[in-house]
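Put together the whole structure using the sequences plus the hints.
Read off the chains here:
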Amino acid sequence: MTRLVRTSVWPGIALAGGVFVACLLVSLAFGPASLSLGEVWHFVTTGPVHGDLPNAIFWQIRLPRVLVACLVGAELAVAGVILQDLFLNPLTDPYVTGVSSGAALGATIGIVLHLSNLPWMTVLALIGGFLTLGVVWMAARRRGRIDIFVLLLAGVTISYLASAVVTVLMIRANQDMYAIVYWLMGSFSGRGWQDVEIALVAVPFMIAPLFFAREMDILLQGEKRALELGVEVERTKRVLLVTAGVLTAIAVSVSGIIGFVGLVVPHIVRLLVGPGHRSLLPVSLLVGASLMGVADLLSRTVIAPNEIPVGVVTTFVGAPLFVYLLRRGRKG
Amino acid sequence: MSTTGQRRGLAAVIIPAALALLVLGALAVTGCGSDSSTGGGASPAASASASSGPITVTDGSGASVTLQQPAARIVSLAPANTEIAFAIGAGAKMVAGTSYDDYPEEAKSLPKIGDFANPNVEKIASFEPDLVLAAGGIQDGLRSKLEKLGMQVYVVDPKTYDGVMTDVTNLGQLAGSTEQAQQVADTMQKAKDDAQAKVASLSRPATFLEIYSKPLMTAGGDTFIDDMIGIAGGDNIGATAGSGFPNFSTEVLFKDDPAVYIADSGSMSKPGDITKRSGFADLTAVKDGHVYVIDDNLIARPGPRLAQGLQELVKMIHPEASSAQ
Numbered sequence: 001m002t003r004l005v006r007t008s009v010w011p012g013i014a015l016a017g018g019v020f021v022a023c024l025l026v027s028l029a030f031g032p033a034s035l036s037l038g039e040v041w042h043f044v045t046t047g048p049v050h051g052d053l054p055n056a057i058f059w060q061i062r063l064p065r066v067l068v069a070c071l072v073g074a075e076l077a078v079a080g081v082i083l084q085d086l087f088l089n090p091l092t093d094p095y096v097t098g099v100s101s102g103a104a105l106g107a108t109i110g111i112v113l114h115l116s117n118l119p120w121m122t123v124l125a126l127i128g129g130f131l132t133l134g135v136v137w138m139a140a141r142r143r144g145r146i147d148i149f150v151l152l153l154a155g156v157t158i159s160y161l162a163s164a165v166v167t168v169l170m171i172r173a174n175q176d177m178y179a180i181v182y183w184l185m186g187s188f189s190g191r192g193w194q195d196v197e198i199a200l201v202a203v204p205f206m207i208a209p210l211f212f213a214r215e216m217d218i219l220l221q222g223e224k225r226a227l228e229l230g231v232e233v234e235r236t237k238r239v240l241l242v243t244a245g246v247l248t249a250i251a252v253s254v255s256g257i258i259g260f261v262g263l264v265v266p267h268i269v270r271l272l273v274g275p276g277h278r279s280l281l282p283v284s285l286l287v288g289a290s291l292m293g294v295a296d297l298l299s300r301t302v303i304a305p306n307e308i309p310v311g312v313v314t315t316f317v318g319a320p321l322f323v324y325l326l327r328r329g330r331k332g
Numbered sequence: 001m002s003t004t005g006q007r008r009g010l011a012a013v014i015i016p017a018a019l020a021l022l023v024l025g026a027l028a029v030t031g032c033g034s035d036s037s038t039g040g041g042a043s044p045a046a047s048a049s050a051s052s053g054p055i056t057v058t059d060g061s062g063a064s065v066t067l068q069q070p071a072a073r074i075v076s077l078a079p080a081n082t083e084i085a086f087a088i089g090a091g092a093k094m095v096a097g098t099s100y101d102d103y104p105e106e107a108k109s110l111p112k113i114g115d116f117a118n119p120n121v122e123k124i125a126s127f128e129p130d131l132v133l134a135a136g137g138i139q140d141g142l143r144s145k146l147e148k149l150g151m152q153v154y155v156v157d158p159k160t161y162d163g164v165m166t167d168v169t170n171l172g173q174l175a176g177s178t179e180q181a182q183q184v185a186d187t188m189q190k191a192k193d194d195a196q197a198k199v200a201s202l203s204r205p206a207t208f209l210e211i212y213s214k215p216l217m218t219a220g221g222d223t224f225i226d227d228m229i230g231i232a233g234g235d236n237i238g239a240t241a242g243s244g245f246p247n248f249s250t251e252v253l254f255k256d257d258p259a260v261y262i263a264d265s266g267s268m269s270k271p272g273d274i275t276k277r278s279g280f281a282d283l284t285a286v287k288d289g290h291v292y293v294i295d296d297n298l299i300a301r302p303g304p305r306l307a308q309g310l311q312e313l314v315k316m317i318h319p320e321a322s323s324a325q
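Protein sequence lines correspond, in order, to chains A and B.
Per my numbering, the first sequence runs over residues 1 to 332.
Per my numbering, the second sequence runs over residues 1 to 325.
Hints in this document: simulated from the structure, not taken from any laboratory.
Check the hints yourself; a few may be wrong.
[Said to hold, decoys possible] Computed footprint of chain B on chain A, listed as stretches where at least three residues anywhere in the stretch have a Cβ under 8 Å from a Cβ of chain B:
#, stretch
1, 20 to 33
2, 184 to 190
3, 303 to 317
All C-beta atoms, glycine included, are put in the ideal place defined by N, C-alpha and C.
Structural data, given as structure tokens:
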């Protein structure tokens, strides 16, 4: 059976890879500064040049932004798959663990203390995210095992708590309200190579879950069944939870909180390729990256020189697609 | 904290609420929001100034405000309004302000009615004001509530530099300090005349004014900030992006390549080192050293200190004109 699944995953991954490459190219080729395709190709081949403004538009503004968007999309989608399947709850998204609210709290503290420039904001957001993960973890640990339902409830509770603190800070330091709300809304505006570097740190964490694809498949049948089948359930849960937490914290720390992708991409991909993680994980990664790349492209271009908040676009693009796929029904 | 303590947890839930509040709040702070289409202030209706008899002026929302006698108890719902009141010598008549009021120094010790995004109607009424100075935008819904309680409301919502001067003279009439108000307006007019004289014969460099950096936001076409950039001899790039305070594409910023880059700095935003931002080293403004930071109190609050802000803008946009003087 394993062999069969293994051979059949590649067409899906290849197709998703093709879609991703197409989305990446389109995102790089188009933008509000309307560089021609010839120009873009010229910049790609010549590399970054100092003192040439159109070149800087491509290499210093557009390219890093597109890369950050795709990385964040991939991170959220993979985290979404992991958490939905661990919690066996279709409404789970990467933000229920409280990690994002913790990160938001960290970033808010950074803003209130006027440390709003890189790398402090990002570092504080990461610290906030990890601390929250730790607290939720401690709350859910009972006699050496993690109780998933306690973890979910603790995550939601901590999430509320952290958001309440953010609200208090917002009211107390009301002159910073602006900065805090814009951070919470999520955006890729003004993201540069520094942000790409931070987002790239997540790559190993996107790949790691692939090595647990079999365990994740079995865990879908419940922990008891998985134990019977010889899966090291606790170890798998630990690794996956930390992975999802790190992915979420990194994504949120560079982009703020962008909704929908982490919730809906896993569902879309399940409808397309089924629940098997050997294809679900890599295809979700690619679809997440593609969706976020295209969403940011639309966010940059549709009403240029203004921008639409990217979270709005992910929802506008993703919701109709999702409804269409739901109506079409589950495949094979 | 007398506001309703909304306890909403998930960021996803608080964002829309906070955002709505904020955008409106920000507009109220700067007085540029609101759907009122009239230019700020309109004309002061003819009326006997210092003598007795009803005083009637038209406020920033186009409504006419009538007082039977000069106001004696004034509540301000925005920091800019408080600044105007103190500048025209009506500080002693101020009975309450907002928690944001920080200028002049005396304003800090005024009793507070909450912040301008959430003014507490009961609290306002408890001061028994005969004149309430409101802002546009978020406070639009407040007017009817206050008027039902018998208070007179003047909305300060200027869209131009001249509109601010009109508000100053109007408030002078309402507060019975026409002379000092006229002096303030004259100072503002002089700053404008000086600026126009300096830049009259000069080219108008493309100027970008950054309100906020992440995401990049600027001052749109119908704001008094846009008006001031024009008076100071610059061509506001942000005017192409619409009205109010729109966000602005970084790519388009690079394409437009401003000759002058001015970042607003203050309580709302800290621009950091602009020249070190990704790619910014290649901008003409950065290469030529025309990157400036301006105190947002001088350009974003529609009050008397705009005169100072205008002088600053001239120095930034036309350093050659200022050094010649």
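**Prompt:** Which hints, by number, does the structure contradict?
**Reply:** Per hint list: zero violations.
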